[in-house]
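Put chain B on the given structure of chain A with help from the hints.
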Amino acid sequence: DTAVSQTPKYLVTQMGNDKSIKCEQNLGHDTMYWYKQDSKKFLKIMFSYNNKELIINETVPNRFSPKSPDKAHLNLHINSLELGDSAVYFCASSPTGGYQETQYFGPGTRLLVL
Amino acid sequence: GQNIDQPTEMTATEGAIVQINCTYQTSGFNGLFWYQQHAGEAPTFLSYNVLDGLEEKGRFSSFLSRSKGYSYLLLKELQMKDSASYLCAAMNQAGTALIFGKGTTLSVSS
Numbered sequence: 001d002t003a004v005s006q007t008p009k010y011l012v013t014q015m016g017n018d019k020s021i022k023c024e025q026n027l028g029h030d031t032m033y034w035y036k037q038d039s040k041k042f043l044k045i046m047f048s049y050n051n052k053e054l055i056i057n058e059t060v061p062n063r064f065s066p067k068s069p070d071k072a073h074l075n076l077h078i079n080s081l082e083l084g085d086s087a088v089y090f091c092a093s094s095p096t097g098g099y100q101e102t103q104y105f106g107p108g109t110r111l112l113v114l
Numbered sequence: 001g002q003n004i005d006q007p008t009e010m011t012a013t014e015g016a017i018v019q020i021n022c023t024y025q026t027s028g029f030n031g032l033f034w035y036q037q038h039a040g041e042a043p044t045f046l047s048y049n050v051l052d053g054l055e056e057k058g059r060f061s062s063f064l065s066r067s068k069g070y071s072y073l074l075l076k077e078l079q080m081k082d083s084a085s086y087l088c089a090a091m092n093q094a095g096t097a098l099i100f101g102k103g104t105t106l107s108v109s110s
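Top to bottom, those sequences are chains A and B. Take the first sequence: its letter number 2 is residue 2 in the working numbering, and every next letter is one higher. Take the second sequence: its letter number 9 is residue 9 in the working numbering, and every next letter is one higher.
Chain A with its partners taken away, still in its complex shape:
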């Protein structure tokens, strides 16, 4: 009965590879997010989707491409991985994306690029 789930939990890969991270929420929420948390624990918004539509695209390299096949899923594809992409990537969701709403975070995907 996990609310927000992500796969894989750990991902170790070589520079230059392409990889995907999947996120699913079973809360019936309309809005989903991707955050990146770097080695200094700084959590930063990357993307936000509402009902499969892109709402926010922060200053993120276009090697990162989110895809939302339906409102319960938001996947993140990363092309040509670089060392600096090593981080923990968190997916989150909220009911409608309203400013007062709690966001529910997934367990994170720990990406290490060698």
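Treat the hints as calculated values from the structure; they're not laboratory data. Mixed in with the good hints there might be a few duds.
Stated by the list, open to error - Okay, the calculated bits of chain A under chain B, using three or more residues with CB under 8 Å as the criterion:
(1) 43–51
(2) 97–104
To be verified - Pairwise CB distance ranges (calculated):
(3) A:Lys52 - B:Phe29: 26 to 32 Å
(4) A:Asn57 - B:Ile17: 38 to 44 Å
(5) A:Ser80 - B:Thr11: 39 to 45 Å
(6) A:Asn26 - B:Pro7: 34 to 40 Å
(7) B:Gln93 - A:Pro69: 25 to 31 Å
(8) B:Ser61 - A:Leu27: 33 to 39 Å
(9) A:Thr96 - B:Lys57: 20 to 26 Å
All C-beta atoms in this analysis are idealised placements derived from N, C-alpha and C, irrespective of residue type, glycine included.
Structure of chain B alone, referenced to chain A:
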């Protein structure tokens, strides 16, 4: 622009009270959040303040002063399990995404 500042680290002992401060500068204000993050885990929601004053929730309370751009999280009767990072966050101007501070790592010792 948005800027959120909080201390990097704090230490305290079991049973004590600790106050974690957060100052923010935002273009527009849509409320201030506190999240807790244990090492290796996801952030979890603690509190939300949009009006001035103190919101109490069990051992945890959160205070907001909009005129001063200031909030604090107060933790009472500290327990070892309270050792975690505490993240202060404000909504961006559009009200569409959370902008997080860098977090305060609290270490509780016996």
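These are the hints, each one checked on the structure:
With 4 residues bearing a CB less than 8 Å from a CB of chain B, the stretch 43–51 of chain A meets the requirement of three and the coverage assertion stands. Here's how the stretch 97–104 of chain A fares: 7 of its residues keep a CB closer than 8 Å to some CB of chain B, so the rule of at least three is met and the hint holds. Here the CB-CB span from Lys52 of chain A to Phe29 of chain B is close to 30 Å, well matched to the stated 26 to 32 Å. The hint said 38 to 44 Å for the Cβ distance between Asn57 of chain A and Ile17 of chain B, and at roughly 42 Å that hint holds.
Under the hint 39 to 45 Å, the C-beta atoms of Ser80 of chain A and Thr11 of chain B, about 42 Å apart, fit the expected range. As the Cβ distance of Asn26 of chain A to Pro7 of chain B is approximately 37 Å, the hint placing it in 34 to 40 Å holds. Distance hint check: the CB atoms of Gln93 of chain B and Pro69 of chain A are about 30 Å apart, consistent with the given range 25 to 31 Å. Evaluation of the 33 to 39 Å hint for Ser61 of chain B and Leu27 of chain A yields a failure: the beta carbon distance comes to about 27 Å.
Separation of Thr96 of chain A from Lys57 of chain B is about 23 Å and conforms to the stated range, judged on CB atoms against 20 to 26 Å.
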